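Visitor: Spelled out, the chains give:
Protein chains: 2
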Amino acid sequence: MSKQTSCCAPLAREPIGKDDAAELAKVLKAVADPVRLRLLSLIAARDEDTCVCDLLPEFDLSQPTISHHLKILREAGLIESERRGTWVYSWVIPQALDRLSALFTTAPAETGAR
Amino acid sequence: MSKQTSCCAPLAREPIGKDDAAELAKVLKAVADPVRLRLLSLIAARDEDTCVCDLLPEFDLSQPTISHHLKILREAGLIESERRGTWVYSWVIPQALDRLSALFTTAPAETGAR
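Chains as they are written, first to last, in UniProt numbering: chain H, 1 to 114; chain B, 1 to 114.
In short, the hints are calculated from the structure, not lab data. What you were told as hints is all true, and nothing was included just to trick you.
Here are the in silico distance ranges between beta carbons for each label pair:
{"#": "1", "chain 1": "H", "residue 1": "51", "chain 2": "B", "residue 2": "68", "range": "38 to 48 Å"}
{"#": "2", "chain 1": "B", "residue 1": "53", "chain 2": "H", "residue 2": "17", "range": "15 to 25 Å"}
{"#": "3", "chain 1": "B", "residue 1": "108", "chain 2": "H", "residue 2": "57", "range": "20 to 30 Å"}
{"#": "4", "chain 1": "H", "residue 1": "94", "chain 2": "B", "residue 2": "84", "range": "36 to 46 Å"}
{"#": "5", "chain 1": "B", "residue 1": "22", "chain 2": "H", "residue 2": "71", "range": "19 to 29 Å"}
{"#": "6", "chain 1": "H", "residue 1": "51", "chain 2": "B", "residue 2": "86", "range": "52 to 62 Å"}
{"#": "7", "chain 1": "B", "residue 1": "74", "chain 2": "H", "residue 2": "107", "range": "15 to 25 Å"}
{"#": "8", "chain 1": "B", "residue 1": "49", "chain 2": "H", "residue 2": "51", "range": "41 to 51 Å"}
It should be emphasised that the depicted structure is a prediction, and the values quoted were computed from it without experimental measurement. Each residue gets a CB set at the ideal place from its N, CA and C atoms; glycine is no exception.
Let the sequences and hints guide you as you build the complete structure.
Guide: Laid out in structure tokens, this is it:
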């Protein structure tokens, strides 16, 4: 069902291993596209699940093209989608975004030794 | 000299504009590669500037290939490099990493009104 994301320590804290780098590169490829970045942002910035019908007017692209981009975001584990009647609704997976945020952080590690 | 990074609000806070999305996609493309992600991490995790001679043993790649990947990271504004005698030394630009970290954060905005 849900993709488990085992890693990730911030890349500035310790060198990323080969396997983690390969897996993270796939996720980053999914967001390394202007349309997909905007789609992800439009979906993430909403308080409720986002209908593809609300995304279409934001782009000068066909519905199949938008659906294809959404599929790439879904396969990268960044969003989930569900058909409800005529339309498909999408929402982000916050843990997937938090993981990318943590990857790039340069903030010092919290020293919560106990 | 240094690239000014005008944006970015977290993508979950408000929809990214077209221009910001295009520019950010370029930076993300630079890190959406396993070798470059590892290079960036190896450089960022060091306390001092990193000699390309210390990066080479970590990869089964030629020096020109490593240098090419470093050039892509440099052109994306993620690292800086400088020749010192025989070798090139690199270091990360923390603001560039922090910007990516902020982009993906889902933490609520701080309400520091004053």
